Each structure stands twice: as C-alpha cells, then as structure tokens.
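A.B. asks: Sequences and hints are given; from them, build the entire structure.
Letter by letter, the chains look like this.
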Amino acid sequence: MDSHSTDWRGAAVLGGARPAFGWLGRQWAAPALLLAVGYYLAARLGFAFTLQPHPISTLWPPNALLLAALLLAPVRAWWWLLAAALPAHLLAELQSGVPTAMVLGWFASNCSEALIGAFLVRAFVRGPLRLDSFRNASVFLLCGGLAAPLLSSFIDAALVRLIGWGGGEYLDLVRMRLLANVLTELTVAPLILTWAAFGPERLRAVPARTLLEAAALFAGLLVASLVAFDLPLLDANIAPALFYAPLPFLLWAAVRLGPAGTASALALVVVVTIWGAVNGLGPFSGGTPQETARDMQMFLIAVAVPLLLLAATLDERGRVSRDAREQRLQLTHLSRVAMLGELSGGIAHELNQPLTAILSNAQAAQRFIANRGIDPEELAEILRDIIAADQRAGEVIRRLRALFRRGETQFLPLDANELVHEALGIVHGDLMMRAVEVVPQLAAGLPAFQGNRVELQQVMLNLIVNACEAMSAVEAGNRRLTVRSRPVEGGVQVSFIDSGPGFAAEHYAKLFEPFYTTKPQGLGLGLSISRSIVSAHGGRLWGSATPGRGAGFHIFLPAGGTAA
Amino acid sequence: MQACISVVDDDALVLRSLGRLLRSAGFTVRTYPSPQAFLAQGADDAPGCVVLDLSMPGLSGLELQQALAASPDARPVVFISGRGDVPSSVAAMKAGAVDFLVKPFEERALLAAVHCAVEKDRAARRAREESSQIARRVAALTPREREVLARVVDGKLNKQIAAELGTAEKTVKVHRARMMRKMGVDSLAGLVRAWTAIRQTGAAPQY
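Going down the list, the protein sequences come from chains A and B. Just so we're aligned, residue -9 is where the first sequence starts under the numbering used here, counting upward by one. Just so we're aligned, residue -3 is where the second sequence starts under the numbering used here, counting upward by one.
Everything labelled a hint here was simulated from the structure, so no lab data went into it. Note that the coordinates shown come from a computational prediction; the quantities given were computed from them, not determined experimentally. Ideal Cβ positions, reconstructed from N, Cα and C, are used throughout, including at glycine. One or more of the hints may lead you astray.
As the list claims (entries may be wrong) - In silico contact screen, one side only, chain B against chain A (beta carbon under 7 Å); selected entries:
| # | residue |
| --- | --- |
| 1 | 13 |
| 2 | 14 |
| 3 | 51 |
| 4 | 99 |
| 5 | 103 |
C.D. replies: Below is the structure:
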C-alpha cells in the first residue's frame, strides 16, 4: 500500500487538519470511533428495514457507511477504519442469533464491497470524492453504486451458501443482495459524502432564505412521500400515478439545494418508502416479501441515479459560471486599475490643487498672526477655504477608492448625467494637461436606469481617455471632446465625440477585439471590456467616425434595465 | 515702490490662497482667474512678477509667458504646476522663467522665487529707465553732435574727426564738449558706457 500517494485532503475531512503521525495515524482514532458507533446504529437501522416474516433486508446502511468512510480517508487509514467497524459489526449481529461464522462472513463481504468500491473510485478520482461534477458522480455510480455491490454480492451469496445459513437459489441470493446493496450505496453514501464536503462552516453561511426554502421543500416532500407510499386508504388503481408525487420536490432539491440537499431529499423518500413497505403499506406491499423488496428497490434506484447525476451536473455548471463571472470581475478590475495608472498624473494634479490651497492658506494665516494680528473676518475666510479644499481632496480620494475597489455587483438606479460629471471630474486634471476642451451637451430629464456605477464609470473613463489619446496629434487649440447625453427610444444614449483623426472603416471591427491596441503601453482590453460591461447592462456600445474629422463612441443603456 | 505680484490660476481656491500668502509676506497682489483676464488688465507700473499656473484651459501658461515676453510690460514669471512635468519645465525655464515650482510647495520656495523675480524686475526696470534716459539725451543732440559722438566712441582723435567731417579741429572740440555736456558724462569712459547701454537695449539711433 503506497500511503504516500494518497491525497491529504481526506485527512482534513475526517480527522481534522492535524499533521501525520507516522503510519499509525493517531488522528484516526476519533474518526474510527465515530465510524464504529455509526456502523452499529446503521446496522440497527438495517434490521428495522427488514421485511418479515421471512427476513429480507431492503437497505443495509453499514456497507455504504464503510464505503463513504474509505472514500473520505487516505488509503493508509483504511485498515484502521475497517478494524474499528469489526467490534460494532459483531455487537450488532451477534444479538440477532445468526451463527458466528455467518456474522464474520458478512463482515468480510461488507468490507469487500467497501474496498472494491473505494479502490475503483480512487483509480479514477484522486483524493476524497466529491459528488459535485458529472464525472465524479458517474464514477461513483459505476464503481461504488454498481461494480462494488455486484462483485461483493457474488462473494456474499457464495459465503451464505458455503456456511449454509438461509436457503434459496444462488442467483436469487445474488440478485437480492445486489438490489439492496445498490440502493444502499446510492442512498446512504451520497448523503455522507455530500455532507462531509459541505461541512459546518458552509452550513452556517447558508442564508436564512435558503434554509426556509429547504424547510418548505422537505415538508412538501415528506407529505408527498407519505401520501404516495404510506397511506393505506388509497385505491390500488391510482397508486402508480402517485409514484410521481415526490418527483417535483426531488427535482426542486436537485435544482436549488445542490448535491447535499438532493442526497438528503432522496434519503427521506427512501426511508419513507421502505417504512411503508415494512409496515405493509403503500403500493409495493401486497406481494411476497421478495417481490415487494425487488419492486421497491428498483423503483428507488431508478429515481436515485438520474437525480444524483442531475444534482452533480447542475452544481458543476453553477460553479463554472461562478468561476467565469469571477474571472470577468477580476479582468474588469484589472483593466480599471491599469487605466487609473495611466491617469495617475492627472489624478495627482487633482489632489495637489486642494493640498496647495490648504498649505498656502494655513501658512498665510500663520504669517498674518505673527506679523500684525489677523482680522477675524479674514481668518474665517481662510478656514472656510481650507475646509472646502479638504472636502475636495476627500471627494477625489472617495471616487478613486470606489474605482480601485473590487467587484461591487450591485445594480442601482443611476443617472447618466451624474455619471458623466463624475467621470469628467476624475479626468479633469488629465484633460487640462492635454489641453482638451470639454463641450458638454447634456440633456435634462433623462430616464433613470439600473446599473453598476463603478463599471459604467470605467466605460466612460475609458472612452474619454481614448478620445484624449486620439487627439494628441491635433494642435492644442483644436482638441475638443463633446460629451452628449440624450433620451432615445427605450433608454439613454451617451456619446463621446473627439476632434481627432477618426479611424478607417476597416479598423473598426478590430477596435473591440481584446488585445488590439494602438498605444505603446496599452493592454488593448479597454474597449472589449467596456463593451462586455455595457452588454451586461443590456445595452450597446458602438463607434462612428468621420475620417479626418473625429471619432465618436456611443453607449446605449436601456431605461429601467436589469442585469443580464 | 512696493512690488506688485500678479497671480494667474484657474483654480479659485488655489488663487485665493496664493494671494493671501503673498499678501501676508508684504506684497501687493492682484489675482486673475484666467490668462485672458490677466492680458485684459494691461500694464502695471509697479515692479513685480507674475506667478503663473502652467496648465489652464484656453491659453496655457507657456503661451501666456510668450505673449508676456513680447509685450512692452514684460515681467519675470514664476511657474507653478500640479505635476512635475519635465518637458514643460524645461520649456518654461528656457523661455526665461525665474523658477518652476511643483504644487504643493512650501511658502519659502514661493517667496524666495518671488523675491528673486521682483529683484530681477527692479534691475530690469532700472536698466530700461537708464537706457531710455540716454536715448532721450541722444535724441536732444544736433546732427553734427551725433556725428561727433559716433566717431568719439569709435576711439577717433579730434584731428581725425575734423578731417572726416571736413571741419576745423577747434570746431570739433566745441561740438564734442557740448555733446559731452548734453549726454551728462564727463569722461570718455562714461560716454562709451552709456552708448553701449543703449546699443544693448536697441534704443541707440542707427546711423
């Protein structure tokens, strides 16, 4: 056994993140004890789920418990865990009057199932198994849910025949074992695996709204399952249709609650169904115990397989789109910071103005006081100016911090003119240094729209900076930036029109491509990110040019628009 | 006469604060919110200088400096700027700025630059005053006296001058004495100094 090749995250899940302690692994004492107690209780539960009078087990949770424990632990801890389960097994089984040889034989077959499943799964998925992707769920279903029960069922049935306890044909024994074991693996193991991956921290972070939704879902599911599988009053003729009663709730769980919620919902349905069958209730009772067990198990397996795959696939898809959104956010932030870097000269100017005013005012007051005393009126004016300058500097810093901050995703009602004013305020120093004259043509009474303030400001800043750079070759007196806002059908249009050389039609398509740039230091991401920001607002960003006379870039934002 | 400082800055807060600072240091101050307002104001008799913001909308500080240098009431310029921009500061200094201060600056730096600029202006005004006085004296000379003056500063002897002008040496002596009296000098050295002064300022008549 190569214990070094195993993944360490398993240890963190079951035994806390303490470091290794030689091969003995003292940190496995607590998980092993936990497993023993769990095994014993699971065995008691298994007995409760046994059909009478001829005892047929419908669900045998200890096997799945073993498999889940092995899947969460590193390989070097497996033997410890199996050894810990033995006393629990003996304690539970010897009470039931089964011969000791048979009890030991069953332990061997239980362990073989867990080991086969765990080895097969590990061959495809390294580290502790999470049922959070289609691939992982498939591997689990095929290896842990099918292959392990299948192979161990042959062993189990052979042992039963060998020891000679209980009757029946060999293949019947195999089939009975197989269905019970498959159902158990599909019900109990996902429950443990998903909740172990979920962990107490994430449970605490679940919003109250989701908890409420889960409570409603489980209440509905319980009622639907009780009606479908436990009520004695129902006419047997309509019963098949009732099989579908829990299905909406199960799908709801798969879509909204993730793998852990789905596994829990599934477990609930399985328990309610078996409880009904064990007590002679519901659509599955009525036949021989063998038929009851077979029909019920096949039904539950047929429900469980697609549901587990669906939950895992949806979880994976959600994660992928969250990752993509996170990346877009990061990229947007990065290009914003890069742009602010380009603007730093102008921003320094914007801060130096009020700082100069504060310093000169204070030093003037000092001199007045030292020389000839000061007129209280003049002192009041000086203080007023100092306060005004200080507030101005504070405002510059506040705006900058908002732009430097990462990813506010909130959409708030915004006013286009206010955004334009703020953006022009930030680049004021830069416009001055570049001798660009701003011609504002802002229409009053524009419709409000929903948007992300910082990201839209980024778009405007980007268009202003581009316009300034386009005009750098123009003679100083002729650099004009017209900023126009006007209501258009369905929303607001804001245009930034420069008096630069414009661009040729054949370059237009390239302008919005990522990494296309005409600036020596440019990233070439500005326009492409700007366009994706505007698109996320349900709007459009496009350009127009009159070669030799200037270029214009226009933003359309839908009134009252929402996030795409 | 008390120095008068003109401050030109488009930022009202900065403009007022600089006005106060210079007044607290004992200067008379005039403030202008734009280059245009400053140019519209016209000439100022008192010695002084201009404290000029580099980047303003419309006319830039550098353009105003050039316009000012070309005008009859040229005054030294102290530049102030919100950023330490090397090309602009080099251009400003080449065009004769006294100093180039980056905001925010210490009062010492501004006051030292302004004092220096005012001293430069006083010296320039003295020189201009002196040369215009000399020019007035030259203008008061008769044509013959001017001919004599030109030859005297060329280092020619009375005898040579008489020969060139086709007159008697004695007559040249009389013209020369009258010319020296009108020019307010009593030595050849003094005459040459005055002549050189007006030649440098361009006030010397051409012959």
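A.B. asks: Now tell me if each hint is right for this structure.
C.D. replies: Against the structure, the hints come out as follows:
Interface hint status for residue 13(B): upheld, as the beta-carbon distance to the closest one in chain A is roughly 4 Å, under 7 Å. The closest approach between the C-beta of residue 14(B) and any C-beta of chain A is roughly 6 Å, which is under the 7 Å cut-off, so the hint is satisfied. Given the 7 Å rule on beta carbons, the hint for residue 51(B) holds: about 5 Å separates it from the nearest Cβ of chain A. Satisfaction of the interface hint for residue 99(B) is found here, the shortest Cβ-Cβ separation to chain A being roughly 4 Å, below the 7 Å cut-off.
The beta carbon of residue 103(B) is positioned within 7 Å of a beta carbon in chain A (closest approach about 4 Å), and the interface hint is therefore held.
In summary, the structure agrees with every hint in the numbered list given earlier.
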